[in-house]
Amino acid sequence: MIATMGFSFGSVAALPSIGGLATESAMVAFIQPSTALQLIAFAILLGGIYGLVALGLTMIFGVMDVINFAHGAMMVVGMYTVWWTATAFGLHPILSIPLAVLGLFALGVLVHLTTISSIMDAPQENQLIVTFGIMLILISAIEITFSTDPQSLGLGLGSVAIAGVFLPLGQLYALLIAISAVVVVWLFLQRTQLGRAIRGTADDRTAAQYVGINVPRIDYLTFGIGAALAGLAGAVIPLFQQINPYLGDSYLINAFVIVVLGGLGSFPGALLGGLIVGFVHVFGQYYLPGSGYQISIFLIFILVLLLKPEGLLGGGVSE
Amino acid sequence: MSEPILETVDLRKQFGSLIANDEISLQVEAGEIHGIIGPNGSGKSTFFNTVTGFYDADGGSVYFDGTDITDASPDEIARRGLGRTFQIASPFRDLSVRENLLSVYTAGLRSGLRITEGKRERAQEIIERLEIEHIADHEASDISGGQQQLLELGRILMLDPQCIMLDEPTAGVNPALQNRILDHLRELNEEGQTFVIIEHDMSVISGLTDRVTVFDQGKVVMDGDFETVTSDERVREAYLGAETDPDAGLGDALGAGSDSSAAADPSASEADGGAATTSGGGSSAAATGASATTQVVETEADLIGEQRRLVADDIVTGYGNHTVIDDVSVESHDGVTCIFGPNGSGKSTLLKALVGAVPVWSGSISLGETDITETNAAENLQHGMVMLPQDGGIFGSLTVRENLLLGGFRVDRDVRRERLDTVLEAFPDLEDKLDAKGSSLSGGQQMMLSFGRAMMTGSELFLLDEPSAGLSPALVDDVFEMTQTLVEQGAQVILVEQNVREALRIADYVYILAQGRLQFDGPAAELLDEDELVELYLGLE
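Taken in order, these protein sequences are the chains called A and B. Residues 0 to 318 (numbering that gives the first Met the number 0) are what the first sequence spells out, left to right. Residues 0 to 540 (numbering that gives the first Met the number 0) are what the second sequence spells out, left to right.
The reader is advised that the hints may include incorrect statements.
Not everything, but these chain B residues come out facing chain A in the computed CB check (under 8 Å) [as the list claims (entries may be wrong)]:
1) Ala377
2) Val385
3) Gly406
Derived CB-CB ranges, DEER-like [stated by the list, open to error]:
4) Ala140/A to Asn39/B: 52 to 58 Å
5) Asp55/B to Asp64/A: 28 to 34 Å
6) Arg119/B to Ile118/A: 42 to 48 Å
7) Ser16/B to Leu306/A: 21 to 27 Å
8) Asp390/B to Arg190/A: 24 to 30 Å
9) Pro308/A to Leu94/B: 35 to 41 Å
10) Leu94/B to Leu304/A: 35 to 41 Å
11) Arg416/B to Gln189/A: 17 to 23 Å
12) Gln189/A to Gly15/B: 32 to 38 Å
13) Ile128/A to Pro472/B: 47 to 53 Å
Keep in mind the hints are simulated off the structure, nothing from the lab. Because the structure is a prediction, the values reported are computed rather than measured. Note that beta-carbon positions come from the ideal geometry of N, C-alpha and C, so glycine has one too.
Chain A extracted, bound-state conformation (with noise of 0.2 Å):
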């Protein structure tokens, strides 16, 4: 896992940083003493959206043993769904978003039966250089088609000011999203026999099998239910900021540590988690010189790794 993430980590620095463009304009219109007030705020809407990144890709991982790196990739063609249907065809958001999550839905079982499913019981590696090529094809199709310019939806949604707090709309709007997302997916799996399925799969694949549960199904349900929730981190994303196709490798990163601090297929410790680096993101770019912030939370990342290897809340999906 470390090793894996290893090599990604070069690629950091050159990319943009995530919810800069929130930031800087917190920085110039709040240096007051409400300033802490108006971090966490910042924080708890770049923490929301990034437990939502996360929550697909925990998932994944509890139920399969998946790690999927394609996972920012699938962002990317959520984000470019919502843009191009947008600039292309005049769709308003309301229905981009569902479009992104159903499409990428779809993307995801196809993914799964025509690679993933073949390879379930070979080594992990296996998996994960499968994912790995199919987040570069993915990358590579969405330069070719939407070339490597930054776009942008040009909402214009601008903010709402609550108590002296000031709140970009667009990040409310997807931070609203995000909240409802996670309780609908919460519900299905608490609620419903099909959930349950799924996060007794995700405890014991041999004992699924033998309460009837046709483990393959879940499988490619699980993850196009991941690839769903990816599309949706990215569908929203375009809501508040600029988008490129490199966007969803730094958001990833992030996504790696948030499930592994909050406990590997933990669905509320890819929530804490998210929360956590929300606010180690958004203190440290206000206090830290650079990308300061970055590296503070790759230091939380290995205490975390060393002081408690299981995560902050480490079990199964169903915690």
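Put chain B on the given structure of chain A with help from the hints.
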């Protein structure tokens, strides 16, 4: 008595709280073939690993040829002349057979620079002696498992060791090759070679060894010659499980079994009378149990033959190129069908093959009218067959209620609710724990949950893989009671068990497996003589 070549004194090895080797004192005399037997998990392989330096001992000492080698490293011990093989042969796969032999370092680093003529001659000698000339230039990955075992032996012989420790040299080897390996061992022994051998196959042990040491739960139970050892009560206990009443022989146990079935008979008929849901299996099961010792049953069993649900013919299966089950035919009978056999005999693999969790290589399985040779465990559930895996296999991170509801994954919501009530009625202890996580339950409760979850599937055939394993004696009784609950509700049970004596109390029909082959097949009532049982069990013919 001659000086022992290998001796351990109070050797201890511990893994966490598990004491794998508990003060083992053992002496191997020069020139003998010394067998080590014992149930799985009794610490045999750990003993090998500790003696040969692969594990650090936690206490005690090891003397080889008069020298203390307790703290020596594995390679040092090998060069001193104490060689060993591993359970899974591990030749250098990319080297040829001959290169494997030549790769042995005999004289420190220098011997690695140039292969001497002497070494080549020695390799050739071993190749000829083991009759592996025809595969000498094949890569080790291309030869069969049995040939790999021979190669492993040859590689150790290159060291010219004074004593060779063999860890199951014939496991998974076909009979012809197995005999060849044994012949080579005997021949080498006649020339003065000392062997220590771990073996599950008792026919190998009986014909080969001068002396046998029996391990159980990390301790030495006894040692002596094979006959003495296998007729000793303590050894039988290690293999067959403890008897509740130490004075009662197996015959008594069987008698008691019949009595209890007879006592259970009224309730069973009652269940049958009031249950349109049961398919009549209950009454016939009770009948079989009640009159197990009479001849009448035989004919009755034939009459109800059509209702036998699971029929497996000529099953061959295994893992990789290792055959575990070799041409075995079994059927489910009314009541409890037991599959016994020592560890490594393939019981669990057979059960997994029956349920579809392990694909069969050849043979056929049918359930009633349906052919289920190719279907997997999840699909077989629809045909009414469910497996309780070893340790229960419950979902630890789900609540008890969720575990039970998942048992009813394949049925409608209403049926599910109804069955949940039935299960809670049968196992009222689960009712208070409904919202507790599965992992918070004790071992016995987890097994109860596993029974309950399996009942939720509404299956008519239950496959139980050592449900009493790891449970305290009191809970073992509970497990067999729960098993009988299933039978009373009209189900058939196939039970794989280590606690042979306990399980025989509820058995209606018995299969005994040894080394992947069927040794016995018949009504439990036919198994009256314990000596016969021990012979069958240990695979002696």
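Discussion item. So, against the hints stated earlier in the document, which numbers end up violated here?
Written reply: none
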